[in-house]
Amino acid sequence: MKSLLNVMIALAIAVATTDVTVAQIADASHTTASSDEVFQEFGGKVGISKVIDDFLGIWAADPRISARLKDADVERLGFLLKEQITQLTGGPAVYSGRDMKSAHQGMGLRNADFNALAEDLQTAMEKNGVPTRAQNKLLSRLAPMEHDIVTK
Amino acid sequence: MKLTQLSVMTTAILLIACSAAAYADDAVVTTPSYAPDMGKLLATGGVSNVEGSAGGGITPWAVIAGYGSRDSYGGNVHYTYLGTQDFKLDTFGVAVGILDRVELSAAKQTFSATSGPLNGLNINQDIYGIKVKVAGDAVYDQDSWMPQIAIGAEYKRNTGLSGLLNAPVTALGAKKTTGTDYYVSATKIFLDQSLLANVTIRETEANQMGLLGFGGDLHDNYRAEFEGSLAYLINKHWVAGVEYREKPHNLSVDNEAAYYDAFVAWFPCKNMSVTLAYANLGSIVAPVTGNNDKQSGAYLSLQAGF
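The listed protein sequences derive, respectively, from chains E and W.
Read in the working numbering, the first sequence has 100 at position 100, and its numbers run on one by one without any break.
When you read off a place in the second sequence, starting at 1, and then add 1000, the result is the number in the working numbering.
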């Protein structure tokens, strides 16, 4: 019992310490989000456009998830993705599509599908020489969408 | 020279294994659903720690072994070599991850004295581990402070001394030959900062992880110990970091101290990883080895799996 208490106390301390760190990091990310630093690291509108075009090509050739693209309006999807990525990187655009939840409702997407897509995006970003830190900043803003996109 | 040849060979084998796996991926569409999906992102299963569970090198993390997503399963095998001035530790292990929720692991450790008066002495230990993810997600919860949290237990059975001397580990002063560690791990990936942090609190009565048995003349009860890792995600394939592991001090004959290391891990693909580290294990039975200084040296771990 005493040992369990020790664990609880230690955990409480750990969580308390973590909270401080998280608060600082949340602060830092807030500062980044308000600037267009990541957008610039992607090469602005032209860079993002190339990343998304490559991404759609890589996706279409990915046997794990290519079937998901078959009935899609790829041109419109590309347009919306460019808007969304521009906005998420702090660039001058406002995503005009549906929210993530209703856009993916009924698709029955699995966690592995979401990750496959993330990997294809990483491949596209690498192909276009986007620095790892900028890649991770974008991925950190896409990651929480998993909860809305994956329904199965 | 031998080391160079070894590293060239290892690299060649890894790259062949990675390309063979990529080729096999082409068949994924027709693969039945009970096949492993390898659906987790690269490196998110961690590497294999010296006690067999997924984590860093010397401490478990809250991540689940292998690349199976929450709808599948994964697993891996590993070998780890750790060499210091007077000792070496060889670990073979296997771990299975189920539904990205439960992890089962088994590891066999052989600790050997390689110089000094103990030269030729071996101590063997078997470790069986279970870990369950209980809350949070290290990857997706980027919009909250919530880390991924797992609880785990490691049953350790020290099978005794051999070589120079055949005896149970209690001959060195330990009170018991078996023990169970209980731990809570919290892992958080700060993708925005390309950082990973882990905190583990372990309840243990093990001496030098159990290699010198459990309990001793100074203490014979459970103690809570802190373990921590901080890593930088250099890119998709490379992670570098530092680790710390606080330890109890139960035996008067062994001035046991904290372990720490600095590591670089390479993930060429989901089937393979290599971890290279400099590890410092502090003092190990210094009065016997006559080496009062720290025991430190190279750590190399190879992992293969899915």
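Treat the hints with care, since some could be wrong.
Stated by the list, open to error - Simulated pairs of lysine-lysine, BS3-like, Cα-Cα distance not exceeding 27 Å:
| id | chain 1 | residue 1 | chain 2 | residue 2 |
| --- | --- | --- | --- | --- |
| 1 | W | K1236 | W | K1175 |
| 2 | W | K1108 | E | K50 |
| 3 | W | K1088 | E | K45 |
| 4 | W | K1108 | W | K1236 |
| 5 | E | K82 | W | K1108 |
| 6 | W | K1236 | W | K1088 |
| 7 | E | K45 | E | K127 |
| 8 | W | K1108 | W | K1294 |
| 9 | E | K50 | E | K82 |
| 10 | E | K101 | E | K152 |
| 11 | W | K1236 | E | K127 |
| 12 | W | K1294 | W | K1236 |
Read the hints as simulated data drawn from the structure, not as lab findings.
Hints violated by the structure (listed by number, smallest first): 1, 2, 3, 4, 5, 6 and 12
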